[in-house]
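Undergrad: The whole structure should be built from the sequences, with the hints applied where relevant.
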Amino acid sequence: MSELALPQARAGRPSGWWGTALFLATEVTLFGTLFGTFAYLRFKAVHWPPPGIPEPEVLSPVVLTCALALTSVPVQAALVSARAGRARRAVAALVLALVVQSGYLAAQLVLYARDVDRVEPHRTAYGSIVVTMLGVHAAHVAVGILLELWLAVRLAQGLTRYRVVGLASTALYWHVVNALAVLVLLVELSPRL
Amino acid sequence: MTVVDVAGARTRTDRLERIWAHRPGVTGWLTTTDHKRIGLLYLFTTLAFFVAGGVEALLIRTQLAAPNGTVLSPSSYNAVMTMHGVTMIFLFVIPMTTGAFGNYLVPLMIGARDMAFPRMNALSYWLFLASGCFLYAGLFAGSGPNAGWFDYVPLALRQYDPGANIDVYALGLIFNGMSSTAAAINFITTIFKLRAPGMSMNRMPLFCFAILAVSFSLLFALPPLTINCVFLELQRQIGFHFFDVAHGGDPLLWQYLFWIFGHPEVYIIVLPAFGIATSIIPTFAQRRMVAFPLVAIAELLVAFIGFGVFAHHMFATGLSTITLIFFAAASMLVVIPSTIQVFAWLFTVTGGRPDFKAPLLFIGGFIVFFVAGGLSGIMFAAIPFDQALTDTYFVVAHFHFIIFGAAVFPLLGGLYYWFPKVTGRMYHEGWAQASFWVTFVGTALTFFPMHIVGLLGMTRRVYTYGPGLGWSGYNLAETVGAFVLAAGLLLIAANLALSRFRGEPADADPFFGGTLEWTVPSPPPPYNFAVVPLVTSPYPNWDRADREADALRLARGDLVLDEGHETPSSTVRDARLDEILEMPSDSPWPLAVAACVALVFVMLLTRHAVVAGLAAGLTAIALCGWHLQEPEET
Amino acid sequence: MSGRGSRVALGLLAVGPLAVAGCGGNQDVLHPASDPQRAITHLWWIMLIGAGIGFGSVVLLLFLGWARRNRPGLSKTGGSRETGLVVLFGVAIPVVVLVLLFVYADVFVMRSTAAPRPGATAMTVRVIAHQWFWEARYPGTDAVTANEIHIPVGVPVDLVGTTDDVIHSFWVPELNRKIDLIPGRTNRILLEADRPGRYRGQCSEFCGLQHAHMAVEVVAQPKARFRAWLRNQARAARAPATALARRGRSVFLAQACSGCHTIRGTPAQGSVGPDLTHVASRRTLAALAIPNTPAELRRWIADPQAVKPGAKMPGLRLSGAQLRALVAYLDGLR
Numbered sequence: 000m001s002e003l004a005l006p007q008a009r010a011g012r013p014s015g016w017w018g019t020a021l022f023l024a025t026e027v028t029l030f031g032t033l034f035g036t037f038a039y040l041r042f043k044a045v046h047w048p049p050p051g052i053p054e055p056e057v058l059s060p061v062v063l064t065c066a067l068a069l070t071s072v073p074v075q076a077a078l079v080s081a082r083a084g085r086a087r088r089a090v091a092a093l094v095l096a097l098v099v100q101s102g103y104l105a106a107q108l109v110l111y112a113r114d115v116d117r118v119e120p121h122r123t124a125y126g127s128i129v130v131t132m133l134g135v136h137a138a139h140v141a142v143g144i145l146l147e148l149w150l151a152v153r154l155a156q157g158l159t160r161y162r163v164v165g166l167a168s169t170a171l172y173w174h175v176v177n178a179l180a181v182l183v184l185l186v187e188l189s190p191r192l
Numbered sequence: 000m001t002v003v004d005v006a007g008a009r010t011r012t013d014r015l016e017r018i019w020a021h022r023p024g025v026t027g028w029l030t031t032t033d034h035k036r037i038g039l040l041y042l043f044t045t046l047a048f049f050v051a052g053g054v055e056a057l058l059i060r061t062q063l064a065a066p067n068g069t070v071l072s073p074s075s076y077n078a079v080m081t082m083h084g085v086t087m088i089f090l091f092v093i094p095m096t097t098g099a100f101g102n103y104l105v106p107l108m109i110g111a112r113d114m115a116f117p118r119m120n121a122l123s124y125w126l127f128l129a130s131g132c133f134l135y136a137g138l139f140a141g142s143g144p145n146a147g148w149f150d151y152v153p154l155a156l157r158q159y160d161p162g163a164n165i166d167v168y169a170l171g172l173i174f175n176g177m178s179s180t181a182a183a184i185n186f187i188t189t190i191f192k193l194r195a196p197g198m199s200m201n202r203m204p205l206f207c208f209a210i211l212a213v214s215f216s217l218l219f220a221l222p223p224l225t226i227n228c229v230f231l232e233l234q235r236q237i238g239f240h241f242f243d244v245a246h247g248g249d250p251l252l253w254q255y256l257f258w259i260f261g262h263p264e265v266y267i268i269v270l271p272a273f274g275i276a277t278s279i280i281p282t283f284a285q286r287r288m289v290a291f292p293l294v295a296i297a298e299l300l301v302a303f304i305g306f307g308v309f310a311h312h313m314f315a316t317g318l319s320t321i322t323l324i325f326f327a328a329a330s331m332l333v334v335i336p337s338t339i340q341v342f343a344w345l346f347t348v349t350g351g352r353p354d355f356k357a358p359l360l361f362i363g364g365f366i367v368f369f370v371a372g373g374l375s376g377i378m379f380a381a382i383p384f385d386q387a388l389t390d391t392y393f394v395v396a397h398f399h400f401i402i403f404g405a406a407v408f409p410l411l412g413g414l415y416y417w418f419p420k421v422t423g424r425m426y427h428e429g430w431a432q433a434s435f436w437v438t439f440v441g442t443a444l445t446f447f448p449m450h451i452v453g454l455l456g457m458t459r460r461v462y463t464y465g466p467g468l469g470w471s472g473y474n475l476a477e478t479v480g481a482f483v484l485a486a487g488l489l490l491i492a493a494n495l496a497l498s499r500f501r502g503e504p505a506d507a508d509p510f511f512g513g514t515l516e517w518t519v520p521s522p523p524p525p526y527n528f529a530v531v532p533l534v535t536s537p538y539p540n541w542d543r544a545d546r547e548a549d550a551l552r553l554a555r556g557d558l559v560l561d562e563g564h565e566t567p568s569s570t571v572r573d574a575r576l577d578e579i580l581e582m583p584s585d586s587p588w589p590l591a592v593a594a595c596v597a598l599v600f601v602m603l604l605t606r607h608a609v610v611a612g613l614a615a616g617l618t619a620i621a622l623c624g625w626h627l628q629e630p631e632e633t
Numbered sequence: 000m001s002g003r004g005s006r007v008a009l010g011l012l013a014v015g016p017l018a019v020a021g022c023g024g025n026q027d028v029l030h031p032a033s034d035p036q037r038a039i040t041h042l043w044w045i046m047l048i049g050a051g052i053g054f055g056s057v058v059l060l061l062f063l064g065w066a067r068r069n070r071p072g073l074s075k076t077g078g079s080r081e082t083g084l085v086v087l088f089g090v091a092i093p094v095v096v097l098v099l100l101f102v103y104a105d106v107f108v109m110r111s112t113a114a115p116r117p118g119a120t121a122m123t124v125r126v127i128a129h130q131w132f133w134e135a136r137y138p139g140t141d142a143v144t145a146n147e148i149h150i151p152v153g154v155p156v157d158l159v160g161t162t163d164d165v166i167h168s169f170w171v172p173e174l175n176r177k178i179d180l181i182p183g184r185t186n187r188i189l190l191e192a193d194r195p196g197r198y199r200g201q202c203s204e205f206c207g208l209q210h211a212h213m214a215v216e217v218v219a220q221p222k223a224r225f226r227a228w229l230r231n232q233a234r235a236a237r238a239p240a241t242a243l244a245r246r247g248r249s250v251f252l253a254q255a256c257s258g259c260h261t262i263r264g265t266p267a268q269g270s271v272g273p274d275l276t277h278v279a280s281r282r283t284l285a286a287l288a289i290p291n292t293p294a295e296l297r298r299w300i301a302d303p304q305a306v307k308p309g310a311k312m313p314g315l316r317l318s319g320a321q322l323r324a325l326v327a328y329l330d331g332l333r
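Going down the list, the sequences are from chains A, E and H.
Here the first sequence is numbered in numbering that gives the first Met the number 0, starting from 0 and rising by one per residue.
Here the second sequence is numbered in numbering that gives the first Met the number 0, starting from 0 and rising by one per residue.
Here the third sequence is numbered in numbering that gives the first Met the number 0, starting from 0 and rising by one per residue.
Just so you know, the hints here were simulated from the structure itself, not pulled from any lab data.
Treat the numbers as computed from the prediction; the structure is a model and nothing was measured.
It cannot be assumed that every hint is accurate.
[Unchecked claim] One-sided and incomplete, this derived list gives chain E residues near chain H with beta-carbon spacing under 10 Å: (1) Leu251; (2) Val289; (3) Val294; (4) Phe342; (5) Phe346; (6) Thr347; (7) Pro353; (8) Met378; (9) Glu562; (10) Ala608; (11) Val610; (12) Gly612.
[To be verified] Short, incomplete list of chain A residues facing chain E, as computed with Cβ under 7 Å: (13) Leu5; (14) Phe42; (15) Ala44.
For every residue, glycine included, the Cβ atom is placed at its ideal position computed from N, Cα and C.
TA: Rendered as structure tokens:
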């Protein structure tokens, strides 16, 4: 009856992790569809961006995306600390990540407000797909910030297995969103490449 | 003879009854997380939408029974024909196969006490119900979707369809998609993690393979549809440009994205039906499914290859030769996993001891229609033939043979098959067989003439037609057939409804089925399994020694898990026992979250962006409430 | 038991084609009048035979299953022999059949139905689809007509199509397959008839309220007759012959008609509705919805919504006298 003996420690990943991973598969497909649409419209167009629209600027998007992608480090560190039982370190790492990510989101909103008219989504398919892609990405960043905020509060109230699984799921979410951020950047800058 | 400690077993099952008891009354149903109750909620809701879609079908057939019909005006017809398609696909067949059958059966078939995410399961249901109400509220308010179920642009753009009709469509489908996505995540996690110890992947019931294939398909097929609808709404509501050529867009973009979703969708429709067929056949042939591993792989391959054939819906749009050739070749390739399954089913029956009770009759009908519809489908892989007959009644015949014949017939057979398990009573066999014949004849009479009238040039989505084209007689026959079909369905409903109250009592295993749901009482207790079963083959109910060993373990208290609301979790491939999970019980949060999400969509439809944002915030707060409840730390 | 029902279906399958062969109007895939369509129709018959064999074998197996019901004492498991049969019938035979079908249909028949390359044919017709009529132009001439496309018998014509609004699809079943007409694109199809006649077609992509009444007629004529027709169509409109007709022309120009319709040789140059320069030369009106007689023309103008609800032609408030005069004028535009 060795099949019915419980192991000392859980061998497989918890259900919550699987659920998050599968959800992220749909989100990756969502972004894949956006990238595919960008490519489709690009190869239909003669001029890309269309005449009258400047090519995308490089410096601020690259700097911002690098900052965002680097937040995977404190997020992962938070998870490692939580698994080791160190709640305060975990919360501190999460807060650090939160600050950078919120700064990123704020900067994106400012840039968006400044640039939306330059890409002319109300006149061109180019502007429409760029704005939509950046908007969907920003929404994912915002949701990630809310997830982290919730976990930071809960972990400050105490460490439980459930909350650690929640943190593992959120960490996975952030790693995928950060990877997607890099892809979004590459697609956005592709007219320059 | 083994002696079982009956008294010990009884105290344990009593304890399980207390732990897993539902809240009483309506509150119990509104807050339920029991997969069986959720399955029943799905069943009755999808049946209601089936009636709605059926009424729409009968209206269409009545309008088309004679030339120059005047039953429906062109605008009413367009709304009815669109809602018929949308209802049958999004509100009936997929929620019925996954939400009703999948939810009820998957945990029972894998030896679990519930789905991996019971509250998210309830959320799926409430989101589904709300999305269906959203679409129908649009219809009853006079703004029902009216550009066909695939809603091609530019016809669906504001310029040609200025009312709210298409907004109802696009937002409604995004809303509905959330329900299916949540359900897919739940099924995959449940099938991966909650199988009984010993039920390695190759011992899993074929119905569960089908649900697994469907769930992966849903995960990857729904996002293109969602994004497509988002693009459509952005263009319609705030003037972005995705689909109009003048501003750098392309109407074919809609078609590509739609069919990247739409073709996998049709396999999503039919795969669970394959799963039901592969459940019924071994039972009524009293033998294991021939070539079991081939059938399991074929189910997964159909779903996978199905993602590569989508442009065959666009053969008449002027695609390049290389594109045409690629998609025609892929469309022929996808035939092979289906033919594997058809012949596996047939040889299981011919080599067994078939008992043609009602469930097997419906599977027989299913095979007839599936092969006929599949053959006409192969014809469409011949590009010039497709380019001639697409958008005619020939293709309407093809997909109705598949959707009705191949997806609904197994559902009807499955309703009979699992009726004793769910209700504890037997249906009336004689009437069930009669209901099969009426339904079979009705289906054949409704959809077979459509092949002919399509060859005679009748195009689809026409609200009427002229005399003198040779179409009138066939259309009349189809209308008669539709009413015969409706009569057959009513017979089935009457049989099941009456048998629910007056049928002979049924025990746990009236048909000698091989899978685990037949080991539990009829109807199953809320906790499903008193003791966690140990599985050593794909047909655990035919392994009597194992089941007797289970009874002994129940008496000993070995893996009864009666300390709390518990179910075991195991490793993904080999199903070695991994941990004991504490599951949530009845909760009001799923309904609350669904209500908030519904508010978001209504506000988006009525263009109240700020209130929509506030409702989204409310949803987030409700999700926080949801996650305040945690399992006990051990 | 299920064998009996299958025999019914098989019977229908056998009788069906025979019933079809004699019963069509002139929009019948099985009555080809051109080489491309003949290739498609032959493909259909061959596929039907193959499908019949496939369907028959499945029905046979089901019947076998029924005949073997209640047999005693069988093995619970499937042996390798049966798995072998599944591989034979489920993989090997279908692969062979499908490869053959692919080569036949998607290599050979495709060549017959391929769209002509630009400039490859002697004659071109440009078709612009509208909600809910077909505009046809003959490049190289001034001829513009609607819903009735004449072509010379035996001459391959390059039909170059697009649309002015939503997606439509041009399909004349007896002459060739269908081709979608998509905004911003031109698609081409070969139009050719090998015998004189009238060939009916219909829009095959759902295009709104009157999709059901967007038919087209391709008229194949001997070359001389066609040339005469084309010469006539290229001319400006005939002058009105009677006083009544002259009054009708004034009505036409004064009312909203000239805002939507063109009559070449008059100030009416509207481009919303069909060109009416030779409207009386056409056999039908409103995209084959009604015959072209004075009575029907009068009914159509007086209340378009009664004939084709949703049509974009508004009902004009005309007196009986104005209507009579207008009909007399239009009826003279041969």
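Undergrad: Does each hint fit the structure? Answer for all of them.
TA: Quick rundown of the hints versus the structure:
no.	hint	in the structure
1	Leu251	holds, 7 Å
2	Val289	holds, 3 Å
3	Val294	holds, 9 Å
4	Phe342	holds, 4 Å
5	Phe346	holds, 5 Å
6	Thr347	holds, 7 Å
7	Pro353	holds, 5 Å
8	Met378	holds, 5 Å
9	Glu562	violated, 39 Å
10	Ala608	violated, 29 Å
11	Val610	violated, 33 Å
12	Gly612	violated, 34 Å
13	Leu5	holds, 6 Å
14	Phe42	violated, 10 Å
15	Ala44	holds, 6 Å
Hint violations for this structure: numbers 9, 10, 11, 12, 14, all remaining hints satisfied.
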